[in-house]
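With the hints as your guide, set chain P onto chain B.
Chains as they are written, first to last, in numbering that gives the first Met the number 0: chain B, 0 to 223; chain P, 0 to 437.
Just so you know, the hints here were simulated from the structure itself, not pulled from any lab data. Hints may contain errors.
Distance condition first, Cα-Cα at most 30 Å in a straight line; then the derived DSBU-like pairs of lysine-lysine [unchecked claim]: (1) P:Lys-139 to B:Lys-2; (2) B:Lys-95 to P:Lys-139; (3) B:Lys-133 to B:Lys-121.
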Amino acid sequence: MDKETTQRIKVAEAAANKYIENQRFTISSLSKELKMKPETIYSLFPNRSSILRYYYTSRVLICRDQNQSIDDYDNFSLSEKLSNFFLTLIDLFGDKREFVLATYKEFVVCSVTRNKFEPEFKDEIRNIFLSDDKIATSSRIFFNSILWHAIYLQFHVLIKFWKEDESRNYENTMALIDKWSTFTEELFYNKVLDKGFDFGKFLFYRSPLGKCAMERGSEQRPSV
Amino acid sequence: MSSEDFPSTKYERGKIFAKTGLKVGSNYAAHYLKSLSGGSSDKSDVHRKTAGEVFSEFVKLRGTALKIAQSFSVDQGFLPDEFSEVMTKAQYSVPPINRSLVRSIIRRELGGYPEQIFSSFNADSIAAASIGQVHKATLKDGRKAAIKIQYPGVKDTISSDIALARTLFKRLVSDKSVIDEYVDEIRLTLIDETDYTKEGESINRFHRRFTNEEVTTPEWIPEYSTERVLTMTYIDGVHLDDFLSTDPSQEKKNHYGQLLWNFFHRQVEDHEEIHADTHPGNFLFTPDGKLGVIDFGCVKSFPEEFFMDYLRLLPTHLVRDESEIKALYKKLGILKDDPENSKKENQFYQFCINYGYAFAMPYLNDTFDFGDPEYRNMIRQFTKKAPVSNEPRGNKHFIYSTRVHLGLYHFLMRLGAEVATTESKKIVDNVLSAKTSV
Numbered sequence: 000m001d002k003e004t005t006q007r008i009k010v011a012e013a014a015a016n017k018y019i020e021n022q023r024f025t026i027s028s029l030s031k032e033l034k035m036k037p038e039t040i041y042s043l044f045p046n047r048s049s050i051l052r053y054y055y056t057s058r059v060l061i062c063r064d065q066n067q068s069i070d071d072y073d074n075f076s077l078s079e080k081l082s083n084f085f086l087t088l089i090d091l092f093g094d095k096r097e098f099v100l101a102t103y104k105e106f107v108v109c110s111v112t113r114n115k116f117e118p119e120f121k122d123e124i125r126n127i128f129l130s131d132d133k134i135a136t137s138s139r140i141f142f143n144s145i146l147w148h149a150i151y152l153q154f155h156v157l158i159k160f161w162k163e164d165e166s167r168n169y170e171n172t173m174a175l176i177d178k179w180s181t182f183t184e185e186l187f188y189n190k191v192l193d194k195g196f197d198f199g200k201f202l203f204y205r206s207p208l209g210k211c212a213m214e215r216g217s218e219q220r221p222s223v
Numbered sequence: 000m001s002s003e004d005f006p007s008t009k010y011e012r013g014k015i016f017a018k019t020g021l022k023v024g025s026n027y028a029a030h031y032l033k034s035l036s037g038g039s040s041d042k043s044d045v046h047r048k049t050a051g052e053v054f055s056e057f058v059k060l061r062g063t064a065l066k067i068a069q070s071f072s073v074d075q076g077f078l079p080d081e082f083s084e085v086m087t088k089a090q091y092s093v094p095p096i097n098r099s100l101v102r103s104i105i106r107r108e109l110g111g112y113p114e115q116i117f118s119s120f121n122a123d124s125i126a127a128a129s130i131g132q133v134h135k136a137t138l139k140d141g142r143k144a145a146i147k148i149q150y151p152g153v154k155d156t157i158s159s160d161i162a163l164a165r166t167l168f169k170r171l172v173s174d175k176s177v178i179d180e181y182v183d184e185i186r187l188t189l190i191d192e193t194d195y196t197k198e199g200e201s202i203n204r205f206h207r208r209f210t211n212e213e214v215t216t217p218e219w220i221p222e223y224s225t226e227r228v229l230t231m232t233y234i235d236g237v238h239l240d241d242f243l244s245t246d247p248s249q250e251k252k253n254h255y256g257q258l259l260w261n262f263f264h265r266q267v268e269d270h271e272e273i274h275a276d277t278h279p280g281n282f283l284f285t286p287d288g289k290l291g292v293i294d295f296g297c298v299k300s301f302p303e304e305f306f307m308d309y310l311r312l313l314p315t316h317l318v319r320d321e322s323e324i325k326a327l328y329k330k331l332g333i334l335k336d337d338p339e340n341s342k343k344e345n346q347f348y349q350f351c352i353n354y355g356y357a358f359a360m361p362y363l364n365d366t367f368d369f370g371d372p373e374y375r376n377m378i379r380q381f382t383k384k385a386p387v388s389n390e391p392r393g394n395k396h397f398i399y400s401t402r403v404h405l406g407l408y409h410f411l412m413r414l415g416a417e418v419a420t421t422e423s424k425k426i427v428d429n430v431l432s433a434k435t436s437v
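This is chain B alone, in the form it adopts within the complex (with noise of 0.2 Å):
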């Protein structure tokens, strides 16, 4: 992470802090609190808003910075690699639960201006996919836009019961995320479709449309 980012960051998780102590903090408190002058702080962000919204960008950026840090993460199966996300993030949320349960609908959900916690989650959710060899053939076919989309609205309903979970630990979220990370696996990993059309292309080329269809493929064929 280079040295930019890391002030970013830092930036935006005082200023999630200085947002529940009060809605309406202005950046020369900010600043005080940080002990940086405000223009470094301008030089930065924009304004006050995009700090806070950063803080949510930020969030899958440190989670990216620590899968490095983890054993053997490439060997991951497509399971642990999305709970991990999950759990990484709702980990790095629950530093900051009440600033998250306070803002999340506002910066994240309902958000009107450009936020990028969106394309840095999706871009996450892509990679996770195109990155595992263990994918069923046939179910590559759903990767698309609509399926990061989908996912990424599947988060906003994990963030929804995170808030309602009373359990020790929000031990029911984790447990949620862990059936939703193997159900997936299961439905991505599943190779009934690649087995599927395999024996429909044996049945097919065998039926009299098939052969047909071969006949005129080897027709139109041209002499060498």
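Frame of chain B, contents of chain P only:
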């Protein structure tokens, strides 16, 4: 690494119980039909197949059901050999927790990810317990540690599993009122096992009592422990099956068998608390020739009166004092009436007097060979011919006292050890005479 879903809802878990029942039924039905139609079907194959299927379903449930599986494998005599063989796997292997979940549990419980708070942490578990799994780690101060991590939500599933079991048992037994007492005893023990802080305290108590030249036990590391994560010092060693696979000499088998026998009797001697989970997964044979005792989730303090009556059965059986034997079994709730007055009571009495004698046999002479196939067969025959009825008998504390005692004998029989029993006889006599003199 495959991650297994942990079925935590009552519906999912009930479905697994039902599915297992169906599989068992269909396997035996298939065997029966095959034999009727003249086809050859080896019953041992059916047992093995059924056991494999029951095991694979039960391990998904972890917690309560796995405890049941473990009990089956300890009380081997009640099951066909092929069944016990497969079920014994329950001592060691349950599906691992997803590695990401392990990291997150540690972070939530201990305040940092494994790579942040430990010098090294092995993400693959080294052992799976019924309600958690164990990882090896090195602390920042260089100490090697075993970190036990509990599956999330396991405490809640115990209550729902017990409720299911209670309903099932109540349908099977004639006297429904007694079931609650047994079931509550199991429920409270299992709930206790989910509090790793309590286990940590037990670890310390046992460490103070037993760490000596014969036995080694871990030390609790409270600063890395919570209700759901338990950190203790790591003990190097091998489990029973791994030890046996090295084709050890009889001398070595006798050595470790003696250590376990002595450990059991040292607990009898001070009868403060008993390690009540005598299954092979909880013991290690260390390279320096000690017995490692590693799991203290299930420790029991029996009421003094029950403990003494239970212990008194041993010498009473050896001298075959029938009137005292009857009186003890009545007091312990096994006999409801004089055997002379009822055919049923007599059936129970005949079983108890013979089985009890077989259990007291190791105390007859100065040494006893648990490897004797005749003795093993005798114990097995008794358990197979137990007067199983739909009427549960005996004090609720029998659940765990029998588990300890049967567990010890089965462990020693599997090990094939010959043990010296002179010292242990003295211990039993001393404990009983001390009580009598008081």
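Practice item. Assess, step by step, whether the Cα of B:Lys-95 is no farther than 30 Å from the Cα of P:Lys-139, and give holds or violated. Key: Roughly 28 Å between the alpha carbons, so the hint for B:Lys-95 and P:Lys-139 holds.
Review point. Would the pair P:Lys-139 and B:Lys-2 pass a check requiring their Cα atoms to be no farther apart than 30 Å?
Key: holds, 28 Å
Check your understanding: Is B:Lys-133 within 30 Å of B:Lys-121, Cα to Cα?
Key -> This hinted pair holds, its Cα atoms lying about 20 Å apart.
The structure fails none of the hints (numbered hints given earlier).
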